[in-house]
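**Student:** For chain A, the structure is supplied; the task is to place chains B, C and D on it using the hints.
There are 4 protein chains.
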Amino acid sequence: MHQKSLRDALHDFVAERDWQQFHTPENLAKSISIEAGELLECFQWGDADLASAKYELADVLTYCMLLADRLGLDPDTIIAEKLTQTKEKYPVEKARGRSDKYDRL
Amino acid sequence: MHQKSLRDALHDFVAERDWQQFHTPENLAKSISIEAGELLECFQWGDADLASAKYELADVLTYCMLLADRLGLDPDTIIAEKLTQTKEKYPVEKARGRSDKYDRL
Amino acid sequence: MHQKSLRDALHDFVAERDWQQFHTPENLAKSISIEAGELLECFQWGDADLASAKYELADVLTYCMLLADRLGLDPDTIIAEKLTQTKEKYPVEKARGRSDKYDRL
Amino acid sequence: MHQKSLRDALHDFVAERDWQQFHTPENLAKSISIEAGELLECFQWGDADLASAKYELADVLTYCMLLADRLGLDPDTIIAEKLTQTKEKYPVEKARGRSDKYDRL
Chain A
1 MHQKSLRDAL HDFVAERDWQ QFHTPENLAK SISIEAGELL ECFQWGDADL
51 ASAKYELADV LTYCMLLADR LGLDPDTIIA EKLTQTKEKY PVEKARGRSD
101 KYDRL
Chain B
1 MHQKSLRDAL HDFVAERDWQ QFHTPENLAK SISIEAGELL ECFQWGDADL
51 ASAKYELADV LTYCMLLADR LGLDPDTIIA EKLTQTKEKY PVEKARGRSD
101 KYDRL
Chain C
1 MHQKSLRDAL HDFVAERDWQ QFHTPENLAK SISIEAGELL ECFQWGDADL
51 ASAKYELADV LTYCMLLADR LGLDPDTIIA EKLTQTKEKY PVEKARGRSD
101 KYDRL
Chain D
1 MHQKSLRDAL HDFVAERDWQ QFHTPENLAK SISIEAGELL ECFQWGDADL
51 ASAKYELADV LTYCMLLADR LGLDPDTIIA EKLTQTKEKY PVEKARGRSD
101 KYDRL
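Protein chains in written order, with UniProt numbering: chain A, 1 to 105; chain B, 1 to 105; chain C, 1 to 105; chain D, 1 to 105.
No lab work stands behind these hints, which were simulated from the structure alone. Mixed in with the good hints there might be a few duds.
[To be verified] Derived lysine-lysine pairs resembling BS3-like cross-links, with alpha carbons at most 27 angstroms apart:
| hint | chain 1 | residue 1 | chain 2 | residue 2 |
| --- | --- | --- | --- | --- |
| 1 | B | K82 | B | K101 |
| 2 | A | K94 | A | K82 |
| 3 | A | K54 | B | K101 |
| 4 | B | K87 | B | K101 |
| 5 | B | K89 | C | K101 |
| 6 | D | K82 | D | K94 |
| 7 | C | K82 | C | K101 |
| 8 | B | K101 | C | K82 |
| 9 | B | K82 | A | K94 |
| 10 | D | K89 | C | K54 |
| 11 | D | K82 | C | K54 |
| 12 | A | K82 | B | K101 |
| 13 | C | K54 | D | K101 |
| 14 | C | K54 | D | K87 |
| 15 | A | K101 | C | K101 |
| 16 | B | K82 | B | K94 |
| 17 | D | K54 | B | K101 |
| 18 | D | K101 | C | K82 |
| 19 | B | K101 | B | K89 |
| 20 | A | K101 | D | K101 |
Chain A with its partners taken away, still in its complex shape (with noise of 0.2 angstroms):
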């Protein structure tokens, strides 16, 4: 499926049940929040469950995709605009096999 036709799925999702009302950034990114707790329940003690995981996680992406769109933001285009800003922080022949935050590099 092309990006840009789930984007309009999305849209047409929100519209049709007039929910744009309730769609601003601030809404946005609590649900965020609120979803990407959902998601980590899911590996809360023991065992994982990967099988609710991947609807939590799709919720959080759904939410991310919405904000994305609220904000005028391309997903894709953010995404690759702070990987460049991570390669820095992190060149490889200092970050390689380490989980260090940049600072401890």
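**Tutor:** Below, chains B, C and D alone, put in the same frame as chain A:
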């Protein structure tokens, strides 16, 4: 940018730093929650910081794509599948203009 | 330190900075999530950072106390009330040694 | 209820269910984030659900107390210690009436 080459770019970024070892599904789920909190911080008090929100949203999306990849899932596919379920939970005639959860409709 | 004078100390800290205006229940709930993410970051990858965890836990607790106060609730009382409910959901004979959620017992 | 006997009540609740095995510092930190998300859900859209917020706040507080206990920390003490630091970061004359982070004062 095609989504497939973005996935390759992320994959290469992780591989050349030998970071796959840290990217267990659980660690990625934790990372999504952590970045979701940083995104929410852009809306913590009065004026929203939309400039920072762009970068934090990119971080959430990045970890979501890494988790999808780790679980062998395609982001667009799981979003579309979940959307089908959500349409049934929130039929237009009942849900229109309302923010109630589905069990309250 | 008696809990009541800690509550007074927090109250004074907020009042002398004229910060009550920002402490709506919603902003405090967002703050709890934000600090919870910073606490979780101490456990993001390999070695836990327990030194930082102490300070981040203090931040989560501080916002919890501020929210309790804002909602006219006593922390110890609501914890004890919830514990009574949780004991019923998780009777010893069914829950012993198991991490399953109550609807799976 | 005195805080010490609440700590004992929580300790006994965990011990009689043989749940200490699940209460690693990491699992408790994840649980705090998960419950913080459920608390935030009470404020997700329009009207705040303050009745549910009471129970969700109790859950966040409960896991905070369990983590404090697991790390050998006293909640009141660490809150008071952090408050001393925060007073220095946010002196009254600079911070009064402002929600800016300390590095913006």
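**Student:** Given the proposed pairing of D:K82 with D:K94, does the C-alpha separation stay at or below 27 angstroms?
**Tutor:** holds, 19 angstroms
**Student:** Given the hint that D:K54 pairs with B:K101, test it: the Cα-Cα distance must not exceed 27 angstroms.
**Tutor:** With Cα atoms ~19 angstroms apart, D:K54 and B:K101 stay inside 27 angstroms; holds.
**Student:** Does B:K101 sit within 27 angstroms of A:K54, going by the straight-line distance between their CA atoms?
**Tutor:** holds, 21 angstroms
**Student:** Against the 27 angstroms threshold, does the CA-CA distance of C:K54 and D:K87 hold or violate the hint?
**Tutor:** holds, 18 angstroms
**Student:** Between the alpha carbons of D:K101 and C:K82, is the straight-line distance 27 angstroms or under?
**Tutor:** Since the Cα atoms of D:K101 and C:K82 sit roughly 34 angstroms apart, the hinted pair is violated (cutoff 27 angstroms).
**Student:** Is the straight-line distance between the alpha-carbon of C:K82 and that of C:K101 27 angstroms or less?
**Tutor:** Distance of about 16 angstroms is within 27 angstroms: holds.
**Student:** What's the verdict on B:K101 and B:K89, does the C-alpha distance respect the 27 angstroms limit or exceed it?
**Tutor:** holds, 9 angstroms
**Student:** Is B:K101 close enough to C:K82, meaning Cα to Cα at most 27 angstroms?
**Tutor:** holds, 24 angstroms
**Student:** Keeping to a limit of 27 angstroms between CA atoms, is the pair of A:K82 and B:K101 held or broken?
**Tutor:** violated, 34 angstroms
**Student:** Check whether the Cα positions of A:K101 and C:K101 lie no farther apart than 27 angstroms.
**Tutor:** violated, 35 angstroms
**Student:** Are the Cα atoms of D:K89 and C:K54 separated by 27 angstroms or less?
**Tutor:** holds, 18 angstroms
**Student:** Under the criterion that the straight-line Cα-Cα distance not exceed 27 angstroms, is the pair A:K101, D:K101 satisfied?
**Tutor:** holds, 22 angstroms
Hints 9, 12, 15, 18, counting from the list given before, are not met by this structure.
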